[in-house]
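Single-letter residue listing:
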Amino acid sequence: MLRIEKISLYHFRNYTNQEFSFDKQIISITGKNGSGKTSILDAIHFLCFTKSYFLHIDSLVITNGLQGMRINGEFRTDKLDTLTCIIRDNGKKEFLKNSVAYTQFSRHIGQFPCVFIAPDDTELITGSSEGRRKFMDTIISQLSVDYLDQIILYAKILQQRNALLKQWHLQSAQDYPLLQIYTKQLQTIGHIIHQYRIDFCKQLATKTNEFYTYLSEEKEQVIIQYQSQLESASLEDLLTQNIEKDIRTQRTNYGIHKDDLDFELNGMPFKQAASQGQRKSFLFGLKLAQFFIIQAQKNKSPILLLDDIFEKLDESRSHKLIDFLVKQNAQIFITHTHIEQVKKTFKEYQDQVQFIEL
Amino acid sequence: MIFSSTLIENCVNEFSKLPGIGKKSALRLVLHLLKQDKNSIDQFANAMTNMRNQIQFCRQCHNVSDHEICKICTDFSRKKKQICVVESIRDVMAIEATQQYNGLYHVLGGIISPLDGIGPEQLKITSLIERITQEEIEEMIMALSPTLEGDTTTYYITKKAQHLNVKITTISKGVAFGGELEYADELTLARSILNRLPIVDIISN
Ligand SMILES: Nc1ncnc2c1ncn2[C@@H]1O[C@H](COP(=O)(O)OP(=O)(O)OP(=O)(O)O)[C@@H](O)[C@H]1O
Ligand SMILES: [Mg+2]
Ligand SMILES: [Zn+2]
Chain A
1 MLRIEKISLY HFRNYTNQEF SFDKQIISIT GKNGSGKTSI LDAIHFLCFT KSYFLHIDSL
61 VITNGLQGMR INGEFRTDKL DTLTCIIRDN GKKEFLKNSV AYTQFSRHIG QFPCVFIAPD
121 DTELITGSSE GRRKFMDTII SQLSVDYLDQ IILYAKILQQ RNALLKQWHL QSAQDYPLLQ
181 IYTKQLQTIG HIIHQYRIDF CKQLATKTNE FYTYLSEEKE QVIIQYQSQL ESASLEDLLT
241 QNIEKDIRTQ RTNYGIHKDD LDFELNGMPF KQAASQGQRK SFLFGLKLAQ FFIIQAQKNK
301 SPILLLDDIF EKLDESRSHK LIDFLVKQNA QIFITHTHIE QVKKTFKEYQ DQVQFIEL
Chain B
359 MIFSSTLIEN CVNEFSKLPG IGKKSALRLV LHLLKQDKNS IDQFANAMTN MRNQIQFCRQ
419 CHNVSDHEIC KICTDFSRKK KQICVVESIR DVMAIEATQQ YNGLYHVLGG IISPLDGIGP
479 EQLKITSLIE RITQEEIEEM IMALSPTLEG DTTTYYITKK AQHLNVKITT ISKGVAFGGE
539 LEYADELTLA RSILNRLPIV DIISN
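These protein sequence lines are chains A and B, in that order.
For the first sequence, our numbering assigns the number 1 to the initial residue and increments by one for each residue that follows.
For the second sequence, our numbering assigns the number 359 to the initial residue and increments by one for each residue that follows.
Mixed in with the good hints, there may be bad ones.
Stated by the list, open to error - Simulated restraints, written as ranges between beta carbons of each label pair: (1) Q171(A) x R410(B): 50 to 58 Å; (2) L387(B) x G91(A): 45 to 53 Å; (3) V422(B) x L80(A): 36 to 44 Å; (4) K382(B) x L60(A): 55 to 63 Å; (5) K258(A) x H521(B): 30 to 38 Å; (6) S446(B) x L60(A): 54 to 62 Å; (7) K93(A) x A403(B): 38 to 46 Å; (8) Q104(A) x V422(B): 28 to 36 Å; (9) Y102(A) x F434(B): 22 to 30 Å.
In case anyone wonders, no lab produced these hints; they're calculated from the structure.
Where is the CB? At the ideal position from N, CA and C, for every residue including glycine.
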């Protein structure tokens, strides 16, 4: 059982100095727009992932006009762990578990799993492939530290290879043996990542379908198809055959950094075919599949951070969702602008809910 | 900081250009020097100018040296057919400190990283290959950092030396090849200068 029991925020978004204690399975956070609901969820995410769910630049989470920030949280599993993230005045970030600083932040990922469901997540369906790769990476990284290491390494090799291609117009930089080395390295790492993604997508497709039908009571199947250039040929062959193109465009055109996930409904691309409701069910299907896959592998339920989900789901679906999650013994954080609405939805679980009003 | 003397101010500014030295530390150092007698300051200043003006880089291995060829390269008791390839003179010092290695060195002056604008042509690779050919080197030990850049450089040099009759070994386990390379069995890993100790041991046997 994974629980967060306490969090203190110092200079984090709108919180200059505040502490919250959580003592129930379900925590309802209510308040007006801009009162700081999402900020609490993001702080929890920060402690689980060493970074914000929304902001890619760390310094942006620091309260405007102030310097440095600190988040401290107490997590309970079979023991109590204290996680601390500090950004110093000079911008340096430190991450500590039980007062011991990590030398590599990546070593923290996966120990305290959480799943965030946010209003902007439909981007996953309608947005660019980058978001879908990030979705895969976030989940698989929590399942396997090795995967995370490979992803980081791949990104480094890619950067070096692209830097070399950018300098190619200089006579002195036209070094084919060096380019070949980077190609070989991408090949080795790329295929490891590819295999991880194949395995993951199989699970994702099955589980998403299960939850999609459970939530929507629709009969049709959604199809999730993993798309990769590496399916047809080895990356080394692709890169070697297209070396002129890489040189011309000054970047690497083939590799797992071009992977994507295809979503289909009734044989049509999901973003065209699906209604609003289907889209929502599908999104929750994806997120619950994420929850389930992590739970199965880690043997503990990830913390669920549900941000404004009632705006996206009707009552019957919300009910089903909550039913499912409560049964899974997951700790659930849920935000809403109106406390009455939350009380209504959680009627049956009244004594399991803690209400925090901002 | 407000100074009543531009002489002090200049000196503080010079010190604060050093890595890891801020204005405050610089001022502390300058005030300390101010308390010393003039002779010792002359000595201090001369040591620095002489160091920079008279230092040479060994024509053979590119290590720092007081002469055209360094002490290590001219030492008769060292094995002349064995070269340890390192990134910088700091690595030479670290390996020397172990007293476990008795061959020669070759200082590359960096590792390959296009991202930082460092390509093979900026490193002492050509002279290394020439050395192996001319001096009939028997063993080349790659002692570069176990990072992607270190690996890339090791692999690059290995490729360039492939056709030569030299045995290539390395003290660091590759991160970017997964065990794919042929020379991987000879690898023994040194993740840091300290870890290199026993490895240099193995090498010298
Ligand atoms: N770095 C920052 N410094 C100061 N204030 C910030 C910072 N980042 C966000 N805020 C502010 O914090 C407040 C709370 O934001 P948050 O997103 O948590 O609100 P919310 O309660 O989730 O609102 P909504 O109901 O609209 O989703 C907002 O007014 C936001 O502008
Ligand atoms: Mg919000
Ligand atoms: Zn020398």
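Against the structure, the hints:
no., hint, result
1, Q171(A) x R410(B): 50 to 58 Å, "violated, 33 Å"
2, L387(B) x G91(A): 45 to 53 Å, "violated, 26 Å"
3, V422(B) x L80(A): 36 to 44 Å, "violated, 53 Å"
4, K382(B) x L60(A): 55 to 63 Å, "violated, 30 Å"
5, K258(A) x H521(B): 30 to 38 Å, "holds, 36 Å"
6, S446(B) x L60(A): 54 to 62 Å, "violated, 37 Å"
7, K93(A) x A403(B): 38 to 46 Å, "holds, 40 Å"
8, Q104(A) x V422(B): 28 to 36 Å, "holds, 33 Å"
9, Y102(A) x F434(B): 22 to 30 Å, "violated, 49 Å"
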